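These protein sequence lines are chains L and F, in that order. Mapping of the first sequence onto the working numbering: position 125 corresponds to residue 125, and the numbering continues sequentially without gaps. Mapping of the second sequence onto the working numbering: position 76 corresponds to residue 76, and the numbering continues sequentially without gaps.
No lab work stands behind these hints, which were simulated from the structure alone. There could be a bad hint or two in this list.
In the SDA-like style, the derived pairs of lysine to any residue whose C-alpha atoms are separated by at most 25 Å in a straight line are [unchecked claim]: (1) F:Lys154 to F:Val73; (2) F:Lys54 to F:Phe37; (3) L:Lys142 to F:His17; (4) F:Lys142 to L:Thr114; (5) F:Lys118 to L:Met106; (6) L:Lys142 to F:Arg94; (7) L:Lys142 to F:Thr19; (8) L:Lys142 to F:Thr114; (9) L:Lys118 to F:Ile16; (10) F:Lys142 to L:Ile115; (11) F:Lys35 to F:Ile127; (12) L:Lys118 to F:Leu108; (13) F:Lys142 to L:Ile16; (14) L:Lys118 to F:Gly137; (15) L:Lys35 to L:Ala160; (16) F:Lys142 to L:Met106.
Far from chain F by the CB rule (all over 10 Å, computed), these chain L residues [what the hints assert, rightly or not]: (17) Val22; (18) Ala36; (19) Asn52; (20) Tyr60; (21) Gly65; (22) Glu79; (23) Asp83; (24) Asp88; (25) Arg100; (26) Ala103; (27) Gly132; (28) Glu136; (29) Ser140; (30) Gly161.
Since we're looking at a predicted model, the values are computed, not measured. The C-beta atom is built at its ideal place from N, Cα and C for all residues, glycine as well.
The primary structure of each chain is shown beneath.
2 protein chains.
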Amino acid sequence: MTDAMMKPAPEAPGAIHSTFRVSRTYPQAPERVFKAFEDTDLVRRWRVEDENCKVLEFTYDFRVGGTEVSRFVFPGGPEIRLDAQFQDIVPNERIIFSYRMLAGSMLLSVSLSTIEIKRSGRGTDLIFTEQGVYFEGPDSAKNREEGTRFILEKLAKELAG
Amino acid sequence: MTDAMMKPAPEAPGAIHSTFRVSRTYPQAPERVFKAFEDTDLVRRWRVEDENCKVLEFTYDFRVGGTEVSRFVFPGGPEIRLDAQFQDIVPNERIIFSYRMLAGSMLLSVSLSTIEIKRSGRGTDLIFTEQGVYFEGPDSAKNREEGTRFILEKLAKELAG
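Could you build the full structure based on these sequences and the hints that come with them?
Here's what the structure looks like:
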């Protein structure tokens, strides 16, 4: 029996509650930034589509009480599923949504995200606050924060393009 | 012009992000505590009905992806509406739900709540964590925490009764 075999099986990680906030300034106006979250085709282009993954489903009903379902796979990976519910929408100012993420049948997280959009000179300050429950161990909130920075960088490219 | 008239109009309160946690021990077993959240008739009895308010609507679909709608009024007050979405259910262990509350057309809050149920001797420790976005000013998270303590006290009476 090797040392590795004698290690106890890792415990199923419990619920970790965490909050993070990411801010980003864009040179475009708030109306343009908001539109990138409002318009289904734009959302699909900049946020959902990715050369590394295959999109299996994307439905997006951007209104309070409406939902998003996104399903996609990375090569060799499990199906990733996102179920979101739009909770509050103030045009050009604020979007609040809850969402659940799964990898296969494994729950990764449940989150409440607030996007605040504020005019700043001729551009926009976007503040993304996520309050979440994470199930992938101690780094999972940190990883989600990095993922969010990546998404907001993709948005910068969409707005510039 | 009086001093009162010279005061600037109160600003519409912005989004306040806050997290609170309330713990409570019940002498009943986890299965009994969980059932009080699972069974529609029980939920209506201990949590929704109140001698001070009139229930206008209560629909409760306790499954992942299911929703709750509760509408009620206190005498002379606006209609209060709660829209909840069940995000995660582990029988006898955990319930995660998001919910939105309105008074009339005014959004009061959007929250993500985790109820953790843990066996403790012959009884149960219940840990209620709420991560929320509140719109009623600086005390709104504190008030919600007090409301949650009140609800968990109502549960104690239901379980004992």
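Status of the hints after comparison with the structure:
1. As the CA atoms of Lys154 of chain F and Val73 of chain F are separated by approximately 19 Å, the hinted pair is consistent with the 25 Å bound.
2. The hinted pair formed by Lys54 of chain F and Phe37 of chain F meets the criterion: a straight-line CA distance of about 21 Å does not exceed 25 Å.
3. For a cut-off of 25 Å, the pair hint linking Lys142 of chain L to His17 of chain F stands: about 19 Å separates their Cα positions.
4. At roughly 20 Å between alpha-carbon atoms, Lys142 of chain F and Thr114 of chain L fall within 25 Å of each other, so this suggested pair holds.
5. At roughly 21 Å between alpha-carbon atoms, Lys118 of chain F and Met106 of chain L fall within 25 Å of each other, so this suggested pair holds.
6. Restraint check for Lys142 of chain L and Arg94 of chain F: satisfied, since their Cα atoms lie roughly 23 Å apart, inside the 25 Å limit.
7. Between Lys142 of chain L and Thr19 of chain F, the direct Cα distance comes to roughly 18 Å. Compliance with the 25 Å bound is thereby established for this hinted pair.
8. Restraint check for Lys142 of chain L and Thr114 of chain F: satisfied, since their Cα atoms lie roughly 20 Å apart, inside the 25 Å limit.
9. Proposed proximity of Lys118 of chain L and Ile16 of chain F is supported: the alpha carbons are some 16 Å apart, at most 25 Å.
10. Taken as a hint, the Lys142 of chain F and Ile115 of chain L pair is honoured in the structure, with Cα atoms around 23 Å apart against an allowance of 25 Å.
11. Restraint check for Lys35 of chain F and Ile127 of chain F: the C-alpha separation of about 16 Å stays at or below 25 Å, so the hint holds.
12. Among the hinted pairs, Lys118 of chain L with Leu108 of chain F is consistent with the structure: their alpha-carbon atoms are about 21 Å apart, no more than 25 Å.
13. A C-alpha spacing of about 22 Å is found between Lys142 of chain F and Ile16 of chain L, which places the hinted pair at or below 25 Å, so the restraint holds.
14. Restraint check: the Cα-Cα separation between Lys118 of chain L and Gly137 of chain F comes to about 20 Å, which is no more than 25 Å; the hinted pair holds.
15. Distance restraint check for Lys35 of chain L and Ala160 of chain L: the Cα-Cα separation of roughly 14 Å lies within the 25 Å cut-off, and the hinted pair is therefore satisfied.
16. Restraint check for Lys142 of chain F and Met106 of chain L: not satisfied, since their Cα atoms lie roughly 34 Å apart, outside the 25 Å limit.
17. With a least beta-carbon separation of about 13 Å from chain F, Val22 of chain L lies farther than 10 Å from that chain, consistent with its non-interface assignment.
18. Every C-beta of chain F lies more than 10 Å from that of Ala36 of chain L, the closest at about 20 Å, which supports listing it as non-interface.
19. Asn52 of chain L, annotated as away from the interface, keeps every beta carbon of chain F farther than 10 Å; the closest lies near 27 Å.
20. Chain F leaves Tyr60 of chain L outside its interface by the beta-carbon criterion, the shortest separation being 17 Å against a cut-off of 10 Å.
21. For Gly65 of chain L, the non-interface assignment is contradicted: its Cβ lies about 7 Å from the closest Cβ of chain F, within the 10 Å cut-off.
22. Under the 10 Å C-beta cut-off, the non-interface status given to Glu79 of chain L relative to chain F holds; the minimum distance is some 16 Å.
23. A beta-carbon of chain F comes within 10 Å of the beta-carbon of Asp83 of chain L; the shortest separation is about 7 Å.
24. For Asp88 of chain L, the condition that its CB be more than 10 Å from all CB atoms of chain F is violated, with the nearest at approximately 6 Å.
25. Not every Cβ of chain F is farther than 10 Å from the Cβ of Arg100 of chain L; the closest lies at roughly 5 Å, contradicting the non-interface assignment.
26. Against chain F, the non-interface label of Ala103 of chain L holds: every CB pair exceeds 10 Å, the least being about 14 Å.
27. Annotated as non-interface, Gly132 of chain L brings its C-beta within 10 Å of a C-beta of chain F; the closest such distance is 7 Å.
28. With a least CB separation of 14 Å from chain F, Glu136 of chain L remains clear of the 10 Å interface cut-off, as annotated.
29. At roughly 15 Å, the least C-beta separation between Ser140 of chain L and chain F is larger than 10 Å, which holds for a residue marked as non-interface.
30. For Gly161 of chain L, the condition that its CB be more than 10 Å from all CB atoms of chain F holds, with the nearest at approximately 30 Å.
In summary, the structure is inconsistent with hints 16, 21, 23, 24, 25, 27 from the numbered list given earlier, while agreeing with the others.
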